[in-house]
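Asker: Sequence:
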Amino acid sequence: MRVSRLMLVTLRDIPADAEIISHQLLLRGGYIKRVTAGVYAYMPLMWKVIQKITNIVREELNNAGCLETLLPQLHPSDLWKESGRWEGYTAGEGIMFHLKDRQGRELGLGPTHEEVITKIIGEVLNSYKQLPVNLYQIQTKFRDEIRPRFGLMRGREFIMKDAYSFHKNKACLVQSYEKMNDAYEKIFKRCGLHTVKVDADSGAIGGAASQEFMVTANSGEDLILISEDGTYSANQEKAISIPEKAVPLKNGTPTTKETKEQCSIETLCVNNNLHASQIIKVVLFLSILEGGEEIPILVSTRGDQEINEVKLINEISKEKKKAVLNISQITSDKLISQGLNCIPFGYIGPDLSDSFLNNASTWERKFTRFTDHTAANLNHFVCGANKIDLHHFYFNWELLGKLKHKTVDIRKARAGEHSISKSKSNLIEKRGIEVGHIFQLGRKYSEALDSKFTNESGLKEAFWMGCYGIGISRLAQAAIEQSNDKNGIIWPLSIAPFEVVIIIANLKDNFQKDLGEKLYSYLKNKNIDVLLDDREERAGVKFKDADLIGIPIRITVGRNASEDKVELKKRSDIEALVLSSEEVLKRTFEEVSSQKQVLSN
RNA sequence: CGGGGCGUGGCGCAGCUUGGUAGCGCGGGUGCUUUGGGAGCACUAGGUCGCAGGUUCGAAUCCUGUCGCCCCGACCA
Numbered sequence: 001m002r003v004s005r006l007m008l009v010t011l012r013d014i015p016a017d018a019e020i021i022s023h024q025l026l027l028r029g030g031y032i033k034r035v036t037a038g039v040y041a042y043m044p045l046m047w048k049v050i051q052k053i054t055n056i057v058r059e060e061l062n063n064a065g066c067l068e069t070l071l072p073q074l075h076p077s078d079l080w081k082e083s084g085r086w087e088g089y090t091a092g093e094g095i096m097f098h099l100k101d102r103q104g105r106e107l108g109l110g111p112t113h114e115e116v117i118t119k120i121i122g123e124v125l126n127s128y129k130q131l132p133v134n135l136y137q138i139q140t141k142f143r144d145e146i147r148p149r150f151g152l153m154r155g156r157e158f159i160m161k162d163a164y165s166f167h168k169n170k171a172c173l174v175q176s177y178e179k180m181n182d183a184y185e186k187i188f189k190r191c192g193l194h195t196v197k198v199d200a201d202s203g204a205i206g207g208a209a210s211q212e213f214m215v216t217a218n219s220g221e222d223l224i225l226i227s228e229d230g231t232y233s234a235n236q237e238k239a240i241s242i243p244e245k246a247v248p249l250k251n252g253t254p255t256t257k258e259t260k261e262q263c264s265i266e267t268l269c270v271n272n273n274l275h276a277s278q279i280i281k282v283v284l285f286l287s288i289l290e291g292g293e294e295i296p297i298l299v300s301t302r303g304d305q306e307i308n309e310v311k312l313i314n315e316i317s318k319e320k321k322k323a324v325l326n327i328s329q330i331t332s333d334k335l336i337s338q339g340l341n342c343i344p345f346g347y348i349g350p351d352l353s354d355s356f357l358n359n360a361s362t363w364e365r366k367f368t369r370f371t372d373h374t375a376a377n378l379n380h381f382v383c384g385a386n387k388i389d390l391h392h393f394y395f396n397w398e399l400l401g402k403l404k405h406k407t408v409d410i411r412k413a414r415a416g417e418h419s420i421s422k423s424k425s426n427l428i429e430k431r432g433i434e435v436g437h438i439f440q441l442g443r444k445y446s447e448a449l450d451s452k453f454t455n456e457s458g459l460k461e462a463f464w465m466g467c468y469g470i471g472i473s474r475l476a477q478a479a480i481e482q483s484n485d486k487n488g489i490i491w492p493l494s495i496a497p498f499e500v501v502i503i504i505a506n507l508k509d510n511f512q513k514d515l516g517e518k519l520y521s522y523l524k525n526k527n528i529d530v531l532l533d534d535r536e537e538r539a540g541v542k543f544k545d546a547d548l549i550g551i552p553i554r555i556t557v558g559r560n561a562s563e564d565k566v567e568l569k570k571r572s573d574i575e576a577l578v579l580s581s582e583e584v585l586k587r588t589f590e591e592v593s594s595q596k597q598v599l600s601n
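Under the working numbering, the first sequence has 313 at position 313, and the numbering climbs by one with no breaks.
Some hints could be false.
Below 25 Å or equal to it, Euclidean Cα-Cα: the simulated DSS-like pairs (lysine-lysine) are [stated by the list, open to error]:
1. K404 x K322
2. K48 x K186
3. K322 x K412
4. K366 x K322
5. K33 x K486
6. K245 x K424
7. K81 x K100
8. K452 x K179
9. K402 x K318
10. K402 x K179
11. K189 x K596
Pairwise CB distance ranges (calculated) [to be verified]:
12. M7 x E178: 43 to 53 Å
13. D409 x S219: 28 to 38 Å
14. R149 x D514: 44 to 54 Å
15. G291 x K33: 39 to 49 Å
16. V270 x R147: 32 to 42 Å
17. D450 x K100: 19 to 29 Å
Please keep in mind that the hints were generated in silico from the structure rather than gathered at the bench.
Positions of the beta carbon are idealized from the N, C-alpha and C atoms, including for glycine.
Could you put the whole structure together from the sequences, leaning on the hints where they help?
Answerer: Listed below in structure tokens is the structure:
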């Protein structure tokens, strides 16, 4: 390709609406254009990058025995009602774009394709002998994100590779899951990305085991915890750790003391010479379940701990056997609108009486109570006495009476704590961009959608399923976030829009022009993805553009062209080599093939 | 949805407080000079100041409404 024909339009100024470096560089390099919030056009350079990525993905998945397919984007609501996800995905803060057709039928734009594929496979496959299968597609997905941001990182329309596997039993699912894990590691490596694999929450998709592949970057939206020795890594949503030991509370006679204006853990500590780990903190949540039930939740945890809302949601949903649409903290405003009296916030104990809920208009009239292990393990402690300005001191669980509560893990694991792996190594904290996610779904969807096969015993059985995603467009941007400098993008060679750029420094010099053209056609004939900068621009402009758009290898044909000397420079290097044109060609081949090799091994 | 901010040529911004009919840098075009790290000079094109009302002799500027975008929280590839 010639730059003169490439419609290369680069920006010198940073567009005001781009916050993170990768987004800025994509805009400045003319890779993408925003059309509306969270919706971008992939310009020709970007599309080349995306195609390079999808080619790698295809190669690896085909190698792993997966089948490529293409599923519809318009989904009938019936299908989603059958799986029980329609409400969760469309009501309130749901993320599915949905619409009605001219007959008034409800349709949704696919944010993910479990329903469609599960239904189809159930109709197509009949016998265990046909299993396992693994189908994938590379498709535009639609999610009406509450807040789209950072360019392609969180778009409302984005390209995703999603795959779904179907198995006759769990063992076979686990096997495929491992195989996909390996394929994913190869894919990310070949794309030149450094990823960290972490244990993950399976979220709205549901299912059992799940892991995420994270590109570490400060701009990442996820917090991940990694043990220093590398034996444990997890998304904070999922992470478990060994909590710090509580500071022992000295023995004392249980009493109820006045604690005027000490409604926070902090003031309570300061005024009574306590450590936060000696106090039980109680937080009230309102949880809305699928179907609309509103359930008040009372959570007790140790005062020095924070509540992990994802874990909490999972516990609620386990307890209530229903999907949780949303949780939020209970505030006085909410109490008032329920027609309830004020609850003594700041002085609540784990034994807060259900009678506070007696007159609730729509809420369930009792608390569903969860206690974190850290709190449950305290022998004696300080906690709220459920009256303004009063706390119990030196209390224990027995004194609080018979509480119907479930002891669970709902605390946030934090950096500095010890990992649960044998080594008990320290946890450190990093931010990550999720580029891939693999799930063992189990039979959630196949059961809901009545998608069955006949097993060895001749009985109908729901498929065991796995699902596997890669954010293709996000991956492209994550690669930039991970690899750039003050001059622009530094693409890994395998996904760069071009592998080599030849810059003719001065187009008016015939030696330069001829030699540049010669090298260009030579490389092109050898199937190198080469770009020739043949513009009537000053050399500086061409260098700046080549750096900005991030082409990994640069050949400059300049003032020494008449002596057959040209320059070779890697984008990631500072210094260029001056060599004969023959030598430069030789090294270019070596570089291109070795980089591809290194990345794919 | 809650909180914060912004809409002025393709991009980045000034002007708005104190109304008088739009300006700067980059980019575009033409010409001359220049020619290895976003060149210089000259000329030039390009804007119903997001949109709709209102106040006023007069509105980018003041008022009301509305739409859009960005940032901070719940979502996820």
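Asker: Now tell me if each hint is right for this structure.
Answerer: Against the structure, the hints:
With a C-alpha separation of about 20 Å, the suggested pairing of K404 with K322 holds against the 25 Å cut-off. The suggested pairing of K48 with K186 holds, with an alpha-carbon distance near 20 Å, which does not exceed 25 Å. Of the pairs offered as hints, the one joining K322 and K412 holds, with about 23 Å between alpha carbons and a cut-off of 25 Å not exceeded. The straight-line distance between the Cα atoms of K366 and K322 is roughly 17 Å, inside the 25 Å bound, and the hint therefore holds.
Straight-line distance between C-alpha atoms of K33 and K486 comes to about 22 Å, which keeps the hinted pair within the 25 Å bound. Between the alpha carbons of K245 and K424 the distance comes to roughly 14 Å, so the proposed pair stays at or under 25 Å and holds. Simply put, K81 and K100 have alpha-carbon atoms about 15 Å apart, close enough for the 25 Å limit, and the pair holds. For the suggested pair K452 and K179, the alpha carbons sit about 24 Å apart, so the restraint of at most 25 Å is met.
A hinted pair counts as satisfied when its Cα atoms are at most 25 Å apart, and K402 with K318 qualifies at roughly 22 Å. At roughly 49 Å between alpha-carbon atoms, K402 and K179 are farther apart than 25 Å, so this suggested pair is violated. Note on K189 and K596: the hinted pairing holds, with a Cα-Cα distance of about 10 Å set against a maximum of 25 Å. For M7 paired with E178, a C-beta distance near 45 Å keeps the hint of 43 to 53 Å intact.
Range check, D409 to S219: Cβ separation about 30 Å, and the 28 to 38 Å hint holds. As the Cβ distance of R149 to D514 is approximately 49 Å, the hint placing it in 44 to 54 Å holds. Remark: the range hint 39 to 49 Å for G291 to K33 is upheld by a beta-carbon distance near 43 Å. The given range of 32 to 42 Å is respected by V270 and R147, whose C-beta atoms sit roughly 37 Å from each other.
For the hinted restraint 19 to 29 Å between D450 and K100, the CB-CB distance of approximately 26 Å keeps it satisfied.
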